[in-house]
Amino acid sequence: MAIKTKQTDILIVGGGAAGIVAAVEAHDNGVKNIILANKGPFGRDGAAIWMAGWGFEVALYSPDSVDKHVEDTIKGGKFMNNQKLVKTFLSLAPRAIHDLSKWGMRLAKEGDKYRQFFLPGHSYPRNPNHVRLGTMLGAEYRKAMPPQVRRRKNVDIIDDLFIFDLLKNGNEVVGAIGMDLTTGDPVVINSKITMLATGGFMGCYDFTTASHALTGDGHGAAFRAGATMTGMEFIQFMPNTAIWPEIVSGDVYPYNLLNSMYAVFFNRMGDRFMERYYPVEKDWATREAAARAITKEVREGRGSPHGGAYLSMRHLPRNLINEFLERSRDSEFLKSLKRIGFDIRDDAIEVGPGAHYVQGGCWIDEKCKTNLERFYAIGELGSGGKDGADRLPGNSLPYCMAMGYIAGKDAAEVVQSSNMPKLDNDQVEMLTRKLQAPLDRKEGVYPQEIKDKVRQILRKSAIFHRNEEQLNEGIKELEDIRENMLPKIATQTKSSTYNQEWMAALEAENMVDVTEMLLRSALMREESRGLHEREDFPKVDPDWMKHIIIQRAGDEMSFSTEPVTFPYVKPE
Amino acid sequence: MSNNKNLANVKIFKFDPAVDKKPRYDTYKIPYEGRSVINVLEDIYRNFDQDLAYRYGCEGKGDCRCGACAVQVNDLPALACRRPAEKEMVIEPHPKYEIIKDLVMNFNKVKQDFPKKTPSVKITIDPDKCVKCADCVSICPVGVYEAKKGKIEPSGAEFCCSETCNQCVSYCQAEAISVKVL
Chain A
0 MAIKTKQTDI LIVGGGAAGI VAAVEAHDNG VKNIILANKG PFGRDGAAIW
50 MAGWGFEVAL YSPDSVDKHV EDTIKGGKFM NNQKLVKTFL SLAPRAIHDL
100 SKWGMRLAKE GDKYRQFFLP GHSYPRNPNH VRLGTMLGAE YRKAMPPQVR
150 RRKNVDIIDD LFIFDLLKNG NEVVGAIGMD LTTGDPVVIN SKITMLATGG
200 FMGCYDFTTA SHALTGDGHG AAFRAGATMT GMEFIQFMPN TAIWPEIVSG
250 DVYPYNLLNS MYAVFFNRMG DRFMERYYPV EKDWATREAA ARAITKEVRE
300 GRGSPHGGAY LSMRHLPRNL INEFLERSRD SEFLKSLKRI GFDIRDDAIE
350 VGPGAHYVQG GCWIDEKCKT NLERFYAIGE LGSGGKDGAD RLPGNSLPYC
400 MAMGYIAGKD AAEVVQSSNM PKLDNDQVEM LTRKLQAPLD RKEGVYPQEI
450 KDKVRQILRK SAIFHRNEEQ LNEGIKELED IRENMLPKIA TQTKSSTYNQ
500 EWMAALEAEN MVDVTEMLLR SALMREESRG LHEREDFPKV DPDWMKHIII
550 QRAGDEMSFS TEPVTFPYVK PE
Chain B
0 MSNNKNLANV KIFKFDPAVD KKPRYDTYKI PYEGRSVINV LEDIYRNFDQ
50 DLAYRYGCEG KGDCRCGACA VQVNDLPALA CRRPAEKEMV IEPHPKYEII
100 KDLVMNFNKV KQDFPKKTPS VKITIDPDKC VKCADCVSIC PVGVYEAKKG
150 KIEPSGAEFC CSETCNQCVS YCQAEAISVK VL
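Sequence lines, in order, name chains A and B.
If you read the first sequence in numbering that gives the first Met the number 0, its first letter stands for residue 0, the second for the next number, and so on.
If you read the second sequence in numbering that gives the first Met the number 0, its first letter stands for residue 0, the second for the next number, and so on.
Looking at chain B on its own, in the form it has when it is part of the complex (with noise of 0.2 Å):
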């Protein structure tokens, strides 16, 4: 680890449906080592942009992962609080919900005209372990999970946020479940 003096190339997506007409990326220099992506976002908004709108909420604090922060970092979704930083970063708002401003999504409006990405990770669920809680359908904070005639499915494998994540996996009792980064 060094003493930070290293700087990323970060690229944020910045765009308010109120007043602009489409999306831009604005681009900045930061410090990433050590950090996650969210400090970076931090280190933005006191230092640059005020008018940078994020989310954050138990900031990766203890094991939580309250899911307010998610979004996605260079096409992959991620917790921001647990996304490690990195040299080059793109960072833009989780792909299932719709925008408010900028990284700052609305978790209770789902995006209707999304193209359909392949999903980075493979989740698998163990037939013969899963008890069928549907405890991973309500603690995913972007519900990748669905209870469909009485069967588990991830059918929504391509919002997982994957390691920065993976409470489905810790919290499942029966120990059912796999989430494999592809």
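Just chain A, same shape as in the assembly (with noise of 0.2 Å):
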């Protein structure tokens, strides 16, 4: 083991969304030594550069404006928004389609004004689509953005990189600790600025729209820092997510089934149950109240075998469903079904709720700084409970990139008279024996099974349907994990070279920070809002309408609350 150390004036940790706009910003602003880290391959990681497929929501043109956007926005959040955040973010919407456009996205345009398309909230047409592929701009971000930090040579791009910790020295970060993976060697990152741009934490959850690798990283090094968090009761599931076959998994296609081809859900036993639940509207009431019968026929025992309900289009004549198809024939979601011999006319798919998006993350103020010194939180990292009770579709891109923006800007100011603190060399010691740690010990408990443990104890408390019992129940299991599990992990493999277990030892911690988190916010938050809905507390009360507040007390977490303001839309 061979412990490496770098300098640099910022530290940019999370090549996503957020992430490029930070590098390229702060490059573009004068900073002479940045450093991108990735977790994976720079381009190919994340989510945002690939999942941001339908939604970029910009106010551009009379009569919409940034003001109505940000009122549609503050709406949506149930009035629980910080409202200075989304008025400062969102004005830089019209930037960032700009620069997108620059940067070589093919957006589809009518003269010279965008084509924009109404999403669910919104009360103007706010999203521009492709030239060719109308709503899935998808991989346009990763053609676009990337090449923008490949570009800019004083950006030392590092793919493989876990970052699991960050550096302090006081009340200052100092940098982050990471592995590299394709060695195993512990790396230090000395940096005048640290931003953490991780994403989100949706991969906690076994059955996610987004990639697995996203178990919170950046959430928990942030919360074991001493970062002020918030924010991580509200969760947004996407209500029909395919589970099964399982080669599309995790696809949030049966969308369009529903919608345009007016498909029906079943349960085990064969049952049109929405019919049921909402004997007016029937399969098509909304995706939250549909996610909620799901989740109840389930707990009840009339789930789908793969924990889902069946959503069939049998009952509709075959030429119908066959020029649905023809329409249809670019969707890589009907192209792998076909590929495997699945006849989607006659066969029923599984669906049911997909962890889609967080909206918990560090407390930021309006440049992106959290209470920590030299620290920025970015992106889906960066909360400041700016998305409220419940995000709009289409805002969370513009969010990224408008942080990236603020947050580059503002780091190149200060590395201008900044000087390079000070590692604290204990620190690294102890965090360098942490990391080899599960390599070390011959006997203990395997990673997966922390892993697995800790997603059944999402599945069952923190999806919909949310109450004390569970949620104390699923308390009491973290509180075993940390004491019995935790500090013995222990990997079966023992190479040194790309160890996915190695990884899934790290990748633990975070996951079971981050779901205490969770669970405890869930808990303390006794009404439903928006994304938080408990059966035991089903109404919102008046009360709440604050933002809870997490922050590490050695080894506990200690919580309060900060109200909502309202400087420019008052509630309803």
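It is worth saying that the hints were derived from the structure and are not from the lab.
Simulated restraints, written as ranges between beta carbons of each label pair:
# : chain 1 : residue 1 : chain 2 : residue 2 : range
1 : A       : Asp-425   : B       : Arg-45    : 34 to 42 Å
2 : A       : Ala-552   : B       : Val-18    : 42 to 50 Å
3 : A       : Asp-425   : B       : Gln-172   : 53 to 61 Å
4 : A       : Pro-119   : B       : Asn-5     : 41 to 49 Å
Since this is a predicted model, take the numbers as computed values, not measurements.
C-beta atoms are modelled at their ideal positions from N, C-alpha and C, and glycine is treated no differently.
Each of the two chains sits in its own frame; use the hints to bring them together as a complex.
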């Protein structure tokens, strides 16, 4: 084991939408040394770079306006949003879309105006589309954004570097420590400024529309370093995510089957259960309504074999389905089903709620700064309560890019007059030992076992129909994991080269930290509002118009609240 | 579609350049119906060999083909997340890049000494339609296309992941590209 040490002006962890823009902006504002660290290969990593299929909401043309966009967002967030952040960030959405276009994104135009479409919750059409492919902009981000970093030679892009903890000296963040996945060596980076842009933590759930690599590594590292955290109880699920066949697991395509083709749900008894829950709207009640109904059916033992509900088109005439299949022949989802010999005209797929986006993360100000000096949190990790109780579709990408611009520029200014802070060598040594421990331990608890247990806890208590009993049970199980499993974590495989089990050992701790913050926040918030639903407190409680604030206190978590203020939009 | 009890014969390339003198192939019997190759790899990692190194990225969700999981299956380059698993499979690293371990490659290091293979696909760019935007050059996860002297050429066609990818075909704004499996 050879410790590699690097020094840089700005360390950015996570080359997603926010990290990329921060690197570009810092570079263009004169920063000479930037490291962009990625857990995997840059440009094939994370979520935003490819998941960004359906939405980039931007208010461009009158009678629409940024103020109206802000208002829609705050209404969608059930007035719980941190309004200052919403306004600051959405004001930069026009700049972001112009940059994306300049960087090569092929956006459809009518004359010299972008063609924009409606997305639910927005009062004006704000979502630009691809010239040929319509809604799925996805790979356009991957095409347009990473090259902007690659051509700026002062940005050192490091792949396969798993940053697992922040380095501190007093209240200052002085850098970060990671594992070089290709050799198993610890890498210590000393930096004047550190930014975490590590994305969400939906990969903590066993069933997600995102990558399972998103295990909340930034959330865990920030929390352990003493950053104030918030919003951890608000998780967004895509209700009709495909579960089975396995080749399409995690795909959100079934949404199209419901809306374009009026597919219907069945439970394992063959019962069209949506007719029971929603006698009027039936299978086409809102997505959230469907997700809750499916969850209830599963909980009461009538779920499909893989834990969801069946979705079927069989009731439709053959020629009608064939027309739809012809129109949708570009769909990769339908192509995959065809390749395995699955006939969607006859057989039902299984669907259920997949974890899609998280609203929890660090508390930040309008410059994306946290309570820790020299430390910014951007992208999905940069929460500050900006999403309130529910995020509107299409807002995350403009947020991520806006935060990149703001933090990149601010950090560039700070760096001019900043010295290199000193590392705390005792801390570095301790964290190096923490890294090595799972490999050195001859016997113990396997990392995959811990990850699976955390996933089970989340599945049982942290989707819909949350209640006190299950949340408390989950918390107790987590305490048991902390006391009896984490300290004994040991990999079965002892290779130093790209050891996924070793990665899992680091991820396991982050998953435990994240899940404990989530469950405790969900337990504390005794109401139902937006994405947070308590079946034992089914109504909105006006006294809970506040953000939950979490702070590390030794080995414990301390909780407080912060009232929501209304500088721009008053609650209805 | 059956109940997934049938097993495939899977041979997996194993090689850690840091410790192994030469590669070997491990064999397994794994369920394959309704699954992608990456589902099979995960099964092997979880249940049989925690030492197996492979990459995953977007896991084939949405219309995404990020390219992190590029491999070679039965001698053909493929994206593991979109390649359906089949009864007999030999899974090896994608031929273009230097191996870090097993199926994990370094996308920043192209192999210098590989024998040139005949491509398994025929890629044509219609010169009357092509607007030379070079989007195909940027979007291909394994760098099949090259911009040379004002023309776009599929000079790396032997690395093409063809049906499991086809992003160049989907994203070409001029609809100028066709990829035919031979």
